[in-house]
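J.: Sequence:
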Amino acid sequence: MAVGEYRPSFAHPSKSAIIGLLAAALGIRRDEEERQKNLAEACSFAVRVDAMGNLLRDYHTIQVPSSGTGRNRRTFHTRKAELAESDLNTILSSRDYRCDGVYTVAITLRDGAPCSAKDLADALLKPVFTLYLGRKSCPLAFPLSPLIISAESVKEAMSKAPVPEELHGLLKEQSSLVYWEGEQGGYEREQVITRRDAPLSRKRWQFSERKENFATIPREEEPPCTSA
0 MAVGEYRPSF
10 AHPSKSAIIG
20 LLAAALGIRR
30 DEEERQKNLA
40 EACSFAVRVD
50 AMGNLLRDYH
60 TIQVPSSGTG
70 RNRRTFHTRK
80 AELAESDLNT
90 ILSSRDYRCD
100 GVYTVAITLR
110 DGAPCSAKDL
120 ADALLKPVFT
130 LYLGRKSCPL
140 AFPLSPLIIS
150 AESVKEAMSK
160 APVPEELHGL
170 LKEQSSLVYW
180 EGEQGGYERE
190 QVITRRDAPL
200 SRKRWQFSER
210 KENFATIPRE
220 EEPPCTSA
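For the sequence shown, the positions run 0 to 227 when numbering that gives the first Met the number 0 is used.
These are calculated hints, taken from the structure and not from any lab test.
It is possible that some hints are incorrect.
As the list claims (entries may be wrong) - PhoX-like, lysine-lysine: derived pairs with alpha carbons at most 25 angstroms apart:
| # | residue 1 | residue 2 |
| --- | --- | --- |
| 1 | Lys36 | Lys171 |
| 2 | Lys202 | Lys135 |
| 3 | Lys135 | Lys125 |
| 4 | Lys79 | Lys202 |
| 5 | Lys154 | Lys117 |
| 6 | Lys79 | Lys135 |
| 7 | Lys210 | Lys154 |
| 8 | Lys154 | Lys171 |
| 9 | Lys171 | Lys159 |
| 10 | Lys171 | Lys117 |
| 11 | Lys125 | Lys210 |
| 12 | Lys36 | Lys202 |
| 13 | Lys36 | Lys117 |
| 14 | Lys36 | Lys159 |
| 15 | Lys125 | Lys159 |
To be verified - Distance ranges between label pairs, derived from CB positions:
| # | residue 1 | residue 2 | range |
| --- | --- | --- | --- |
| 16 | Lys159 | Leu139 | 36 to 44 angstroms |
| 17 | Arg72 | Lys135 | 28 to 36 angstroms |
| 18 | Leu91 | Ser43 | 17 to 25 angstroms |
| 19 | Ala116 | Thr68 | 49 to 57 angstroms |
| 20 | Arg56 | Lys36 | 27 to 35 angstroms |
| 21 | Asn53 | Thr129 | 51 to 59 angstroms |
| 22 | Glu164 | Cys137 | 30 to 38 angstroms |
| 23 | Asp86 | Arg109 | 46 to 54 angstroms |
| 24 | Lys135 | Ser174 | 18 to 26 angstroms |
| 25 | Val127 | Lys210 | 29 to 37 angstroms |
| 26 | Leu91 | Lys135 | 33 to 41 angstroms |
| 27 | Arg28 | Phe213 | 14 to 22 angstroms |
Where is the CB? At the ideal position from N, CA and C, for every residue including glycine.
Required output: the full structure, derived from the provided sequences and hints.
T.: Here it is as structure tokens:
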């Protein structure tokens, strides 16, 4: 299928999506390549899938000009240039979304990070730019609830971050899935997955591969989530 006609969604957030969310909260623009790169390199990423949610497939119609063939092939560098053409065709675009998903994300900052854990937590509570999930039409369903946790492993950090009580009704599965980078997981690794979601350039929309560990853990009865 041609690029742009089908945009799938993975069952858990990508690192590039989370880094993009953090950058938006901190006020880092997409064209600030150096700041984007420094933030991405400073963050180690893990996610617990508390509720996978349901798959929703949305359909859009998009007007596009003919690209031509052979020597008559044309390239359009902007959407404005595409729409300026008088001869437009219509294509169908399919986009996948996850509804009612619940994810607990852990970010570990490496030495020399351009911000502190408190900076990230404060920014997520009062973001500079509007936070959304992939598209501006998909804002967050609930406010974020960042916690600053001291832990020796991803497992210890996740044990200190229970799902907020008001979201327990969405927890349907009997187990949770955990994905993490590096060797400090603390879980018995079941599989190593290769994902192309490490940000290289936001301006050129380029990403590199990274390794992600995976484990399935039984769901324990969640204690109420409290804040100090």
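J.: Next step is simple, just say for each hint if it's right about the structure.
T.: Each hint, compared with the structure:
1. Lys36 with Lys171: Given pair lysine 36, lysine 171 is violated - Cα atoms ~37 angstroms apart, limit 25 angstroms.
2. Lys202 with Lys135: 18 angstroms, holds
3. Lys135 with Lys125: 18 angstroms, holds
4. Lys79 with Lys202: 18 angstroms, holds
5. Lys154 with Lys117: 21 angstroms, holds
6. Lys79 with Lys135: The given pair, whose Cα atoms are some 19 angstroms apart, holds under the 25 angstroms limit.
7. Lys210 with Lys154: It holds: about 18 angstroms lies between the C-alpha atoms, which stays within 25 angstroms.
8. Lys154 with Lys171: 21 angstroms, holds
9. Lys171 with Lys159: Distance ~21 angstroms between lysine 171 and lysine 159 Cα, so the pair holds.
10. Lys171 with Lys117: Violated, because 32 angstroms separates the two Cα atoms, which is more than 25 angstroms.
11. Lys125 with Lys210: 32 angstroms, violated
12. Lys36 with Lys202: Holds. Lysine 36 to lysine 202 sits at ~11 angstroms (cutoff 25 angstroms).
13. Lys36 with Lys117: Within the cut-off at roughly 20 angstroms; holds.
14. Lys36 with Lys159: 29 angstroms, violated
15. Lys125 with Lys159: 23 angstroms, holds
16. Lys159 with Leu139: 36 to 44 angstroms: Violated: the Cβ-Cβ distance is about 22 angstroms, outside 36 to 44 angstroms.
17. Arg72 with Lys135: 28 to 36 angstroms: 32 angstroms, holds
18. Leu91 with Ser43: 17 to 25 angstroms: 39 angstroms, violated
19. Ala116 with Thr68: 49 to 57 angstroms: Between alanine 116 and threonine 68, where Cβ atoms are some 54 angstroms apart, the hint holds.
20. Arg56 with Lys36: 27 to 35 angstroms: 34 angstroms, holds
21. Asn53 with Thr129: 51 to 59 angstroms: With Cβ atoms ~25 angstroms apart, the hint is violated.
22. Glu164 with Cys137: 30 to 38 angstroms: 25 angstroms, violated
23. Asp86 with Arg109: 46 to 54 angstroms: This hint holds: roughly 52 angstroms between Cβ atoms.
24. Lys135 with Ser174: 18 to 26 angstroms: 34 angstroms, violated
25. Val127 with Lys210: 29 to 37 angstroms: 32 angstroms Cβ-Cβ, so the 29 to 37 angstroms window holds.
26. Leu91 with Lys135: 33 to 41 angstroms: Distance hint for leucine 91, lysine 135 is violated at roughly 21 angstroms.
27. Arg28 with Phe213: 14 to 22 angstroms: At roughly 33 angstroms between Cβ atoms, phenylalanine 213 and arginine 28 fall outside 14 to 22 angstroms, so the hint is violated.
Of the numbered hints stated above, those contradicted by the structure are hints 1, 10, 11, 14, 16, 18, 21, 22, 24, 26 and 27, listed in ascending order.
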